[in-house]
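**Q** Sequence:
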Amino acid sequence: MKKLFYASFILFSQFIIGQVSGNVNYQNQYSPSNTIDIGFPTSEGIVASVKGLANVKADSYMAIFSITQTGKTTKEVNELLDQRINKSLEEIKLKKGVETFVDMISFVPVYEYEVEKKVFSRKTYNEVPVGFELKKNIHIKFTDPNQLNDFISILSNHEIYDLVRVDYFSNALENIKKEMMNKAKLLIQEKIKNYELLLGETFTNVEKRIADGFAVNLPVEMYKSYEAYNSSSLNLKKAANVNQASKSTTLYYQPVFNKEFDFIINPVVLEPVIQVQYEVKIFINREKEKKQAAKADKEFILITPNGNLKPINVNSPKQTY
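Taking mature numbering (1 follows the signal peptide of the UniProt record, and there is no 0), I'd label the letters of the sequence shown as residues -22 to -1, 1 to 299.
Since the hints were made in silico from the structure, they are not lab data.
Mixed in with the good hints, there may be bad ones.
To be verified - The calculated lysine to aspartate or glutamate pairs, modelled on DMTMM-like cross-linking and capped at a C-alpha distance of 25 Å, are: (1) Lys114 / Glu77; (2) Lys237 / Glu168; (3) Lys161 / Asp15; (4) Lys156 / Asp37; (5) Lys171 / Glu249; (6) Lys53 / Glu105; (7) Lys259 / Glu185; (8) Lys161 / Asp240; (9) Lys73 / Asp140; (10) Lys113 / Asp140; (11) Lys155 / Glu92; (12) Lys202 / Glu238; (13) Lys35 / Asp60; (14) Lys65 / Asp140; (15) Lys259 / Asp240; (16) Lys71 / Asp145; (17) Lys35 / Asp122; (18) Lys73 / Glu238; (19) Lys259 / Glu238; (20) Lys114 / Asp140; (21) Lys74 / Asp37; (22) Lys114 / Glu137; (23) Lys73 / Asp122; (24) Lys259 / Asp122; (25) Lys155 / Asp190; (26) Lys65 / Asp81; (27) Lys53 / Asp15; (28) Lys186 / Asp240; (29) Lys35 / Glu249; (30) Lys50 / Glu92; (31) Lys71 / Asp128; (32) Lys73 / Asp60; (33) Lys74 / Asp145; (34) Lys119 / Asp140; (35) Lys169 / Glu238; (36) Lys171 / Glu152; (37) Lys71 / Glu105.
Using the sequences and the hints, build the whole thing.
**A** Encoded structure:
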């Protein structure tokens, strides 16, 4: 009894720990950082960098559903598919703020194998046409994300089940990008001033180079998958048959983490959002400033025919001697 109680306690403890960290850790599905990183030519100097992240809620969406129909004749296929689509769209268009579009995908013949029996030879399998297959996609644009459940319910009533993808759109991206550039400009200027104070130098007259760029991550690109299970290890003979149960695959939304950024716009993410990243880098070439300063410190002296020494200012206008 004591051994049985101990084993049960261990299993229960593992279950609690898994729920605290999330079942995704069963297979270590957290991927390496996928944040923006603008490259810069390598050289001696100082690089001032600022990274920003903005989480932008979508203001419109587009869902794509795929539909397939087969039939013996082209007329039959078209009539059956149009009937399913038209009845679905009649109900969907009753929803507020919804637009639809039907996209033609493919229309191909379908073949089967027909067995040809011969008395004195092997069976022959001949490919013969038996009908046609028609595929179309239904595009649905909407503004209320809660309507997607209604669309799925309507389409499933007409045997349309394949939700291909959902795209996210926002009209605020241009303004968000401008806001990010302004924030980054102030922060990078502050960083450069701090470098000047720490080094006791000024970078006003030194060579500078700049690079910047945006990266946009859409929700459809940010879903990960894993299988949460804990299988037993068995010491079996090679001849043993093992039937493994099918494991359920879980999909989850994994946004870009906000841990590597200098500023974040709308930091709290409740639902899948459009994530905009911005990075700006300024390269400060201190070595060129030192070389110019060393050149300016050099003193040139002219010996006149009379044997007199006269200093020459190489930076001054044309002189007479």
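**Q** So, for every hint listed, does it hold in this structure?
**A** Now for the hints, and whether the structure bears them out:
Restraint check for lysine 114 and glutamate 77: the C-alpha separation of about 17 Å stays at or below 25 Å, so the hint holds. This hinted pair checks out: lysine 237 and glutamate 168 have alpha carbons roughly 20 Å apart, not beyond 25 Å. Our distance criterion of 25 Å between C-alpha atoms is met by lysine 161 and aspartate 15, whose separation comes to about 18 Å. Pair hint lysine 156 plus aspartate 37 holds up; C-alpha atoms about 19 Å apart against a cutoff of 25 Å.
The hinted pair formed by lysine 171 and glutamate 249 fails the criterion: a straight-line CA distance of about 39 Å is larger than 25 Å. For the hint linking lysine 53 to glutamate 105, the alpha-carbon distance of about 23 Å falls within 25 Å, and the restraint holds. With a CA separation close to 14 Å, the supplied pair lysine 259 and glutamate 185 stays within the 25 Å bound. Of the supplied pair hints, the one linking lysine 161 and aspartate 240 holds, its CA atoms being roughly 10 Å apart against a limit of 25 Å.
The hinted pair formed by lysine 73 and aspartate 140 meets the criterion: a straight-line CA distance of about 21 Å does not exceed 25 Å. At roughly 12 Å between alpha-carbon atoms, lysine 113 and aspartate 140 fall within 25 Å of each other, so this suggested pair holds. A hinted pair counts as satisfied when its Cα atoms are at most 25 Å apart, and lysine 155 with glutamate 92 does not qualify at roughly 62 Å. Pair hint lysine 202 plus glutamate 238 holds up; C-alpha atoms about 21 Å apart against a cutoff of 25 Å.
Proximity of lysine 35 to aspartate 60 is assessed by CA-CA distance (about 35 Å); at most 25 Å being required, the pair is judged violated. Distance hint between lysine 65 and aspartate 140 is fulfilled; the C-alpha atoms sit about 17 Å from each other, no more than 25 Å. In summary, the hint linking lysine 259 to aspartate 240 is supported, as the alpha carbons are separated by about 13 Å, within the 25 Å threshold. Between lysine 71 and aspartate 145 the alpha-carbon distance is near 19 Å, which keeps this suggested pair within the 25 Å criterion.
Distance restraint check for lysine 35 and aspartate 122: the Cα-Cα separation of roughly 12 Å lies within the 25 Å cut-off, and the hinted pair is therefore satisfied. With a CA separation close to 42 Å, the supplied pair lysine 73 and glutamate 238 exceeds the 25 Å bound. Annotation: proposed proximity of lysine 259 to glutamate 238 holds, straight-line Cα distance about 15 Å (limit 25 Å). This hinted pair checks out: lysine 114 and aspartate 140 have alpha carbons roughly 11 Å apart, not beyond 25 Å.
Proposed proximity of lysine 74 and aspartate 37 is supported: the alpha carbons are some 14 Å apart, at most 25 Å. Restraint check for lysine 114 and glutamate 137: satisfied, since their Cα atoms lie roughly 13 Å apart, inside the 25 Å limit. For the given pair, lysine 73 sits about 10 Å from aspartate 122 by alpha-carbon distance, which is consistent with the 25 Å threshold. Among the hinted pairs, lysine 259 with aspartate 122 is inconsistent with the structure: their alpha-carbon atoms are about 39 Å apart, more than 25 Å.
Simply put, lysine 155 and aspartate 190 have alpha-carbon atoms about 12 Å apart, close enough for the 25 Å limit, and the pair holds. Distance check on the hinted pair: lysine 65 and aspartate 81 sit about 16 Å apart at the alpha-carbon level, within 25 Å; holds. The suggested pairing of lysine 53 with aspartate 15 is violated, with an alpha-carbon distance near 55 Å, which exceeds 25 Å. Note on lysine 186 and aspartate 240: the hinted pairing holds, with a Cα-Cα distance of about 22 Å set against a maximum of 25 Å.
A distance of roughly 8 Å separates the Cα atoms of lysine 35 and glutamate 249; the hinted pair therefore holds under the 25 Å criterion. Between the alpha carbons of lysine 50 and glutamate 92 the distance comes to roughly 16 Å, so the proposed pair stays at or under 25 Å and holds. For the proposed pair lysine 71 and aspartate 128, the alpha carbon gap of about 11 Å is at most 25 Å, so the pair holds. Straight-line distance between C-alpha atoms of lysine 73 and aspartate 60 comes to about 20 Å, which keeps the hinted pair within the 25 Å bound.
Between lysine 74 and aspartate 145 the CA atoms are separated by roughly 19 Å; this keeps the pair inside 25 Å, and the hint holds. For a cut-off of 25 Å, the pair hint linking lysine 119 to aspartate 140 stands: about 17 Å separates their Cα positions. With a C-alpha separation of about 16 Å, the suggested pairing of lysine 169 with glutamate 238 holds against the 25 Å cut-off. In summary, the hint linking lysine 171 to glutamate 152 is not supported, as the alpha carbons are separated by about 29 Å, beyond the 25 Å threshold.
Restraint check for lysine 71 and glutamate 105: the C-alpha separation of about 43 Å exceeds 25 Å, so the hint is violated.
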